[in-house]
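Asks: Protein chains in written order, with our numbering: chain A, 1 to 110; chain B, 1001 to 1119.
Careful: at least some of the hints might be erroneous.
Each computed DSS-like pair below joins lysine-lysine, with the alpha-carbon atoms no more than 30 Å apart [to be verified]: (1) A:41 with A:68; (2) A:41 with B:1013; (3) B:1057 with A:3; (4) A:68 with B:1057; (5) A:17 with A:68.
FRET-style restraints, in silico, Cβ to Cβ [as the list claims (entries may be wrong)]: (6) A:39 with B:1020: 42 to 50 Å; (7) A:2 with B:1117: 27 to 35 Å; (8) A:40 with B:1017: 21 to 29 Å; (9) A:105 with B:1082: 21 to 29 Å; (10) A:81 with B:1082: 34 to 42 Å; (11) A:105 with B:1007: 35 to 43 Å; (12) A:44 with B:1010: 33 to 41 Å; (13) B:1017 with A:8: 34 to 42 Å.
Just so you know, the hints here were simulated from the structure itself, not pulled from any lab data.
Predicted model, so just to flag it, every value in this text is computed and none were measured.
Beta carbons: idealized from backbone N, C-alpha and C, even for Gly.
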Amino acid sequence: ELKVEQNPLFLSMQEGKNYTIYCNYSTTSDRLYWYRQDPGKSLESLFVLLSNGAVKQEGRLMASLDTKARLSTLHITAAVHDLSATYFCAVGYSRNQFYFGTGTSLTVIP
Amino acid sequence: KAGVTQTPRYLIKTRGQQVTLSCSPISGHRSVSWYQQTPGQGLQFLFEYFSETQRNKGNFPGRFSGRQFSNSRSEMNVSTLELGDSALYLCASSTREGANYYQNTDTQYFGPGTRLTVL
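Let the hints inform the model, and build the full structure from the sequences given.
Replies: Structure, rendered in structure tokens:
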């Protein structure tokens, strides 16, 4: 069974700082998705990474994928309060199944 | 374009009862997937429907079932509810035409979820 691990589970950071969330998965896959979930809300798609070495950036968030290492990272640059949310990675697997990571709860402190 | 809608948003049931949740996908999307989200188990895939057929199924007992209608709207049913079924149930739609994962590169759009509480 494919396992997806995220770390850290909880992240408290000050505004203006940089940090990285890691997503490791156990079985070969060449596509990785990042989602954001605000409290009480549904999931919002952030990035779709479809090949080894893929890098995508949107505002203060940048995601990358290393399929050889089975690792994706979500880098936060100069964090602002609006980025406070829970971030999930999801690994695409055969037969249209998606396995989600445990989530990283990010709190940005002013 | 309207997003994915789910009804009801909140539901309270007792053990042993059954429940039906509804999901209307984004117009033009024919794939609907269902997920269960709990604090302990996180987000887990339940099943996917495409063109009224269940294409994929996660590792859940037979008490969990679903169906899809010709207009792509989908329902999921949980029979003989247990306390552990309390969760946020999310549906997601996409244009995912191919049955094989490698054919599909688009993302899924999630609905707001139905919060089910089993007492």
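Asks: Kindly indicate which numbered hints from before are broken by the structure, ordering the numbers from low to high.
Replies: Hints 1, 6, 11 and 12 not satisfied by this model.
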